[in-house]
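S.K.: Chains as they are written, first to last, in our numbering: chain A, 12 to 235; chain B, -6 to 204; chain C, 5 to 423; chain D, 97 to 400.
Just to be clear, a hint being listed does not mean it is correct.
[Claimed, not checked] List of simulated lysine-lysine pairs, DSSO-like, C-alpha gap at most 30 Å:
| hint | chain 1 | residue 1 | chain 2 | residue 2 |
| --- | --- | --- | --- | --- |
| 1 | C | 248 | C | 306 |
| 2 | A | 70 | B | 21 |
| 3 | C | 248 | B | 21 |
[Stated by the list, open to error] Stretches of chain A that chain B covers, calculated by requiring three or more beta carbons in the stretch to come under 8 Å of a beta carbon on chain B:
| hint | region |
| --- | --- |
| 4 | 49 to 62 |
| 5 | 90 to 98 |
[Unchecked claim] Distance windows between CB atoms, simulated:
| hint | chain 1 | residue 1 | chain 2 | residue 2 | range |
| --- | --- | --- | --- | --- | --- |
| 6 | D | 146 | B | 52 | 41 to 49 Å |
| 7 | D | 235 | C | 122 | 42 to 50 Å |
| 8 | C | 128 | B | 110 | 40 to 48 Å |
| 9 | C | 282 | D | 297 | 20 to 28 Å |
| 10 | A | 125 | C | 122 | 32 to 40 Å |
| 11 | C | 392 | B | 52 | 51 to 59 Å |
| 12 | A | 183 | C | 385 | 47 to 55 Å |
| 13 | B | 156 | C | 187 | 18 to 26 Å |
| 14 | B | 18 | D | 354 | 47 to 55 Å |
| 15 | D | 354 | C | 304 | 53 to 61 Å |
| 16 | D | 282 | A | 36 | 47 to 55 Å |
| 17 | D | 165 | C | 109 | 47 to 55 Å |
Simulated from the structure, these hints should not be mistaken for laboratory data. Every value quoted in this text rests on a predicted model; they were computed, and no experiment measured them. Positions of the beta carbon are idealized from the N, C-alpha and C atoms, including for glycine.
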Amino acid sequence: MRQQIPLLITFIVGTLLIVSVFIPPFGDLETTFNIWFDIIAVFAFFLGGGNLLRVHINKLRKRKRDWGFSIVTILGFSVMLIAGLFKIGNPGDIASAVDAPGSLFYDIFNSVQYPLSATMYSLLAFFVASASYRAFRAKNREATLLLIAAFIILLGRTPFGVMLTGWIPDSTSLLQIPNLAIWIMNSPNLAGQRAIMIGIGLGVISMSLRLILGIERSYLGGDK
Amino acid sequence: MEHFALWLSAFLTLGILSFLYKDNPWYKLSEAIFVGISAGFWVVTLFWDNLVGKFWDGWQDEPMLFVGAALGFLMLLRLVPKIGWISRWPLAFIVGATSGLWLMNYLASNIMVQVMATIQPLFSTGYASGFDAGWGAIISSLVIVVGTFTGLVYFFFSKEHKGAFGGAARVGIFFIMITFGASFGYTVMSRMSLLIGRMDFLLGDWLGMIG
Amino acid sequence: MSLPLAATHPRLSVHLFFPIIVIVLTTCSSAFGQSDTQLDTTVVDDTVSIAAAPVTTLLVEDGKYDDGDSLRLFWVPSIDDQLIDSKVTGYRVYRLVNDGAAEPIVDLLPGVGNYTDKNVELDSSYVYYVATLTESGEYPSIHTESISPQREWINFRRGYLFIIMMIISAAIIFYVETAKRGKKLFVRKIAGLEAIDEAVGRATEMGRPVLFIPGISDMDDVQTLAALTILGRVSRTIADYDSKIFMPVSRSLVMTAARETIKTSYQAAGRPDAYNDDMVNYVTDEQFGYVAAVDGLMVREKPATVFLLGAFFAESLILAETGNSIGAIQIAGTARPAQLPFFIAACDFTLIGEELFAASAYLSGEPRMLGSLKGQDVGKAIAMITILLGVVAVTLSEAWGVGIMTDLHAWLVKVFSSS
Amino acid sequence: MAHLGVIISMLVIFGGLAWLLFRSIKGREVERRVIFVFIFVAVAAPILFPITFEEHASPVVKGLFDHIDTLPPGSRVLISFDYDPAMAPEVQPMANAISFHCLDRGHKVVFMSLWATGQTLLFNTLEDVIRPEFPDLIDGVDFISTGYKAGNEGVLNVIVSDFKKMFPTDVNGVPLDSVPIFDEINSCADFDLIVALGGGRPGPKEWVLFVGDPADVPIGVGVAAVVAPQLYPYYPRQIIGMLGGVKGAAEYESELAHRHERFKNMAQPGLKMMGPQTLAHIVIICFIVIGNVAFFRSRRRKGN
Chain A
12 MRQQIPLLIT
22 FIVGTLLIVS
32 VFIPPFGDLE
42 TTFNIWFDII
52 AVFAFFLGGG
62 NLLRVHINKL
72 RKRKRDWGFS
82 IVTILGFSVM
92 LIAGLFKIGN
102 PGDIASAVDA
112 PGSLFYDIFN
122 SVQYPLSATM
132 YSLLAFFVAS
142 ASYRAFRAKN
152 REATLLLIAA
162 FIILLGRTPF
172 GVMLTGWIPD
182 STSLLQIPNL
192 AIWIMNSPNL
202 AGQRAIMIGI
212 GLGVISMSLR
222 LILGIERSYL
232 GGDK
Chain B
-6 MEHFALWLSA
4 FLTLGILSFL
14 YKDNPWYKLS
24 EAIFVGISAG
34 FWVVTLFWDN
44 LVGKFWDGWQ
54 DEPMLFVGAA
64 LGFLMLLRLV
74 PKIGWISRWP
84 LAFIVGATSG
94 LWLMNYLASN
104 IMVQVMATIQ
114 PLFSTGYASG
124 FDAGWGAIIS
134 SLVIVVGTFT
144 GLVYFFFSKE
154 HKGAFGGAAR
164 VGIFFIMITF
174 GASFGYTVMS
184 RMSLLIGRMD
194 FLLGDWLGMI
204 G
Chain C
5 MSLPLAATHP
15 RLSVHLFFPI
25 IVIVLTTCSS
35 AFGQSDTQLD
45 TTVVDDTVSI
55 AAAPVTTLLV
65 EDGKYDDGDS
75 LRLFWVPSID
85 DQLIDSKVTG
95 YRVYRLVNDG
105 AAEPIVDLLP
115 GVGNYTDKNV
125 ELDSSYVYYV
135 ATLTESGEYP
145 SIHTESISPQ
155 REWINFRRGY
165 LFIIMMIISA
175 AIIFYVETAK
185 RGKKLFVRKI
195 AGLEAIDEAV
205 GRATEMGRPV
215 LFIPGISDMD
225 DVQTLAALTI
235 LGRVSRTIAD
245 YDSKIFMPVS
255 RSLVMTAARE
265 TIKTSYQAAG
275 RPDAYNDDMV
285 NYVTDEQFGY
295 VAAVDGLMVR
305 EKPATVFLLG
315 AFFAESLILA
325 ETGNSIGAIQ
335 IAGTARPAQL
345 PFFIAACDFT
355 LIGEELFAAS
365 AYLSGEPRML
375 GSLKGQDVGK
385 AIAMITILLG
395 VVAVTLSEAW
405 GVGIMTDLHA
415 WLVKVFSSS
Chain D
97 MAHLGVIISM
107 LVIFGGLAWL
117 LFRSIKGREV
127 ERRVIFVFIF
137 VAVAAPILFP
147 ITFEEHASPV
157 VKGLFDHIDT
167 LPPGSRVLIS
177 FDYDPAMAPE
187 VQPMANAISF
197 HCLDRGHKVV
207 FMSLWATGQT
217 LLFNTLEDVI
227 RPEFPDLIDG
237 VDFISTGYKA
247 GNEGVLNVIV
257 SDFKKMFPTD
267 VNGVPLDSVP
277 IFDEINSCAD
287 FDLIVALGGG
297 RPGPKEWVLF
307 VGDPADVPIG
317 VGVAAVVAPQ
327 LYPYYPRQII
337 GMLGGVKGAA
347 EYESELAHRH
357 ERFKNMAQPG
367 LKMMGPQTLA
377 HIVIICFIVI
387 GNVAFFRSRR
397 RKGN
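Go ahead and model the full structure; you've got the sequences and the hints to work with.
M.R.: So, in C-alpha cells, the structure goes:
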C-alpha cells in the first residue's frame, strides 16, 4: 500500500496533465498546478528553515568548528524574518509591499544581500580565466576544436581580430576573424545547439514516461 | 546611515573576493551573513507572495486552493515518524505533475520547433532579392543540417559507435565541441562586465578614485 | 453626424460605390467559403456611405478549440482607411453583454481588421459593433447578432502533436515491454557513468566524503527529478562501499525528497542504521548564497568526489572551478545548454543533455529501463528522417519548383507546427 | 600621473605574462591565484587610468559608417530608439555616435521610438548630448523628434507608406506639415537611411521585414551583443551595417575620431567601456597560449 498509492498518484496526475493539452476545458490545469506547487513549497519551507536553524543551533551547542559563525547566520536569519514579517520601517501600514523602499527589509537587501550576491556572481570573471587556461589545450581532436572555436570567438572580441585579418580581400571576407566568429556562432554552433536540444527533448519525454508509468521509482521507495 | 551602508557593502564585497586567495575568517563571516540573511529573505518573500498572496487572498474565490494547502500539510507529517510515509503523497503529486508538464512542453519546444527550424532550403532565398545561391550561404546551410544530423547520431544509445555510424557520431561530437568552445568564448564578455560592475563600486562609489 | 453622402452628392456616389461592391463580393465569397465550419458566424452587411465610412461585413465567431473563453471579430476596414491622407485614426470595438449597455472594450490602429475578445464568459451573450474613429467623431457599424461563446472538448488543431506524442511514447513503451520479456538490448558505454563506481571507490579509499549537488531548481524541474533518480543509484553504491555523502540543497522540497531517496537506498543496501538525516541539509533558496555556502563546504570538507547533476545556471562554473581546485573527481551533467561548456571545461566527466536523463536507466542496468533508452532512439530517428526529408523537399521545391516536394514540405510544416 | 599609471599597469601585465610564458616553456604550470591577479589588474587598471585600445571598424560596422559618410549632405535619416534602460549601457553609446555623425555630415535627422521606455531616453539624448554638441542646429530644420507611438509592428506597417498618418505632429505637438524637414518626406521610402537601435521586439528585425524590404530603404542597426548573431544573416543584403554591443559602439567611435577631426577629443563611452574588456580578453588569450605551451612541453618531456 505504502508503495502503490504514491505510484498511482503520480500516474493519474501525470496523465491528466498530458491529456489537458488536448482538452480545452482542462487548459487551466497547468496554472492550477503551479499555484498548488507554490503553496506546497511554502509548507516545505517550514522543514527547510527549521533544518537550517537546527543545524546551526547544534553546531553552537556542541561547539563544533566555526560555531561562532553559526551565531551570525542565526542572527541574520532572525533579523530578516522579523523585519520582513512585521514590515518594520515600512512606509504606510502593514498593507504596503514588504520590499517597499525605506523599509528595513529593503535596506538590508540593498546593502547586504545585493552586494554579496553581485560579488559572488562576479567571481565568474576569475573562474572563466582559470578554466580557459586549464581546459583549452590541444590534448586531442575534440579538445582542439573546443580550443580553436573559443580562441577565434575571443580574438573576434578584441581589436586584434580585425587587425590580424584585415588584409583578407572582401571577396573572401568570411575568413576575417570578426566575420568568422559570427559565422561560427550562426552555423556550427547553431547546429550543435539544435542536436543537444532535440536530444534533451527526447530525454525529458523518456524520463517523464518512466516516472509516470512507475518504472523509475528510486526516488520514492526504491526498486523493490 | 548612508555612509555605514556603503562601508558595509564594501566590507562584504571584499570578504567574498578574499575567497579567491583562500578560505579565511573574513569570507566565513560574509558567507554566514549571506546564508542567514538570504534564507530569511526567501522565507519572508514566500510567506507574503505565496502563502498570503496566492492562498490566503485567494481561497474565497477558489476553494480548490485548499487541496494545495492540504498537500502542503501532508508534507509536514514527516515530522511525525509513525505516519511520515504519508509525506510521499505530495511528493508523488509533484513528480507526476512535473513529468506530465515537461513531457508536453519539451516535445513542443525542444523537438518540434527545433526540427522545424532546421528544415530550411540549402539555397537561401531573400525577401527582396529573390534567388541566391552563393557558395557561402550553401555551405552554411549544409553545415547546419549536417551538424544537427550527426549531433543526433552521437546521442544514439542503442547502436555501437562503429564504422560509418561511428564516423558520423565522431563528426557530431566535433560539432558539439565547437558549440561549447564558441559559447564559452562568447560568454566571457558578459562575465567580465559583472566584475567591472563590482570594480566600479569599489574604486568609484566607495573609494572615489574614478575621476 | 452621419450624413448619407450618396444622396446629396450623386457624383461622389460613383466613386464610393465601386470599392464597396468589390468588398461585398470578396467578403461574401469568403463568408460562404467558411460557412460549413463556422455555424455561429453572423454576417452584417453595411453599404451605406457616410463621411467616414463605417467598417463593413462585421463577422463574429466563436473562438475555436477553447474553453468557451474567446470570441473572434473580423471586419473589412473602412474604405476611408487609406494609406495616404486617410481620415481614419483607428477603430473602437464596442460590446453589449446580455443586451446591456454598449461599452468600449478596445481601441485599434488603422488598417486592423480583426480582434479576439478573450474576456468573455460561457453563459453570457454578446453583441458587438465597431466604430470608425476620425478626428471629427465616431462612425459605428451595424451590430452583430447575439452570440454566446462555445466550449470545445477536444482541440483538433493539436491533432498532429498528439500523434507525434503517441508515436514516441509508444516506441518507448514498446521497447520497455520487449526488454521485460527478456530480449537483450545493447546500450553503448557512457564514460561519465562508467566512472561513478570508481569515483565513489576513490572517496572510500581516501576516507573523504562524496558531495552531491542536485542543481538549484526545485522539484518542478525534471532535471532535479533526474538528479534524484541518479542519487538513488549513487547512494546505493555509497551505502555498499560505506562511504560518506553530504548534500547541501537550495530547496526545502528537494531536501525532503533527497532524504527519502537516500534513506531508501540505504535500506535496500541492508544498512538502514547507517542512514542519517544530516546527510542532506537545506542552506538557502538564494542562488549565490547557496553557492557561497557550497564553496565554503568544498574547501573545508575537501570531498574526494563531487557530483554536479541537475539544473544549473550561472553558478555552474563557480562550483566546478572550486571543486577542481580541491582536486576532487567531478562528474557533472545538466540539460541547460548554456552551462554545458563550463562543465566540459572544469569537470572530469560531463553528461551532455540527454545523457543526464539516460543516466539512472543506464546505471540501473535493468532491462526495462534500458528499453526506454532504445525507445528514445526511435524518436531521434524520426527527427533525423524528418530533417533530411524536409531539407530535400524544401530545397527541390524552392530551387526547381518540384510540385510534389512543395506539397511534402507544406505537410511537414503543418505537422510540426501543430504545437 | 594617469600616463604613469597606464605604463606601470601595462608593464605589470605584459611583463608578467612574458615571464609566465618563459616559465611555461620550461614546463611549469601557472597557479590559479596568479591568473586571478592578472584578471584583477586587467580589469581594475583601465578603470583607474582610462586605457583605451584603438578599435578597427570591422566590415559590418564600416558598412553603416561609410554609408552615412558618403550620403550627400542634406540626406534624410530616420533614427529609431527602440530600447529601454536595461539595454541602454550597450546601445546608448551607439545612439550618440551615430547621431553625432549624421548631424555633423549635415543630414536631416528624424528621431522616433517604438518603445514607450525609449521616449525618455530619446529626450535625454537630445537635451543632454546632442544640443550641447550642436547648439546651432535648429529643431524642425536640421533634426526633429516625433517621439513614441504605441502599436509596435502596426506603426511600421503604417509609416512605411504614410509617415504623417502615424505621427501627425512632432513630440511637442507641432504639426509635421509645418515642419521644413518633412517637406519632402511622406513615407519611410523617402528616407535615405533608417537606423534602428535596440534589440528587443519590435526592433531591427521588424524594421527590416516591415519597412526595409517592402520600401527598399537601406537599414542600419545597432543592437545589444546577445542578439547580434541572430541578425547577422540579414547582412549585407537587408542590413547595410550593424553595430553589435559595446564593441560595435567602440569601433564606430574609433572610426569617427579617426576620420573626422571634430570628434578627435569627444567622449567615447563605448571605447572606455571596452578598455577593461579588451585587456581581460587579451589576458585570457595569452593564458590559453601559455597553457598550450606548458602542455606541449610537458608532453614532450614525458615522451622522452
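S.K.: State for each hint whether it applies.
M.R.: Outcome of the hint check:
1. Distance check on the hinted pair: residue 248 of chain C and residue 306 of chain C sit about 12 Å apart at the alpha-carbon level, within 30 Å; holds.
2. Restraint check for residue 70 of chain A and residue 21 of chain B: satisfied, since their Cα atoms lie roughly 15 Å apart, inside the 30 Å limit.
3. Distance restraint check for residue 248 of chain C and residue 21 of chain B: the Cα-Cα separation of roughly 24 Å lies within the 30 Å cut-off, and the hinted pair is therefore satisfied.
4. Counting residues of the region 49 to 62 of chain A whose beta carbon lies closer than 8 Å to any beta carbon of chain B gives 11, which meets the minimum of three for the stated coverage.
5. Counting residues of the region 90 to 98 of chain A whose C-beta lies closer than 8 Å to any C-beta of chain B gives 6; at least three are required, and the coverage claim holds.
6. The hinted window of 41 to 49 Å between residue 146 of chain D and residue 52 of chain B is violated, with their beta carbons roughly 59 Å apart.
7. Separated by about 43 Å at the C-beta atoms, residue 235 of chain D and residue 122 of chain C satisfy the suggested range of 42 to 50 Å.
8. For residue 128 of chain C and residue 110 of chain B, the hinted distance range of 40 to 48 Å is satisfied, since their beta carbons lie about 41 Å from each other.
9. Our hint of 20 to 28 Å for residue 282 of chain C and residue 297 of chain D is violated, since their Cβ atoms are close to 50 Å apart.
10. The hinted range of 32 to 40 Å is satisfied by residue 125 of chain A and residue 122 of chain C, whose Cβ atoms lie roughly 38 Å apart.
11. Between residue 392 of chain C and residue 52 of chain B the beta carbon distance is about 54 Å. The supplied range of 51 to 59 Å therefore holds.
12. The hint said 47 to 55 Å for the Cβ distance between residue 183 of chain A and residue 385 of chain C, and at roughly 38 Å that hint is violated.
13. At about 23 Å, the CB distance of residue 156 of chain B to residue 187 of chain C agrees with the hint of 18 to 26 Å.
14. At roughly 52 Å, the beta-carbon separation of residue 18 of chain B and residue 354 of chain D lies within the given 47 to 55 Å, and the hint holds.
15. As the Cβ distance of residue 354 of chain D to residue 304 of chain C is approximately 54 Å, the hint placing it in 53 to 61 Å holds.
16. Range check, residue 282 of chain D to residue 36 of chain A: Cβ separation about 51 Å, and the 47 to 55 Å hint holds.
17. Between residue 165 of chain D and residue 109 of chain C the CB atoms are about 51 Å apart, so this pair conforms to the stated range of 47 to 55 Å.
Figure legend: structure checked against the earlier numbered hints; hints not met, in rising order: 6, 9, 12.
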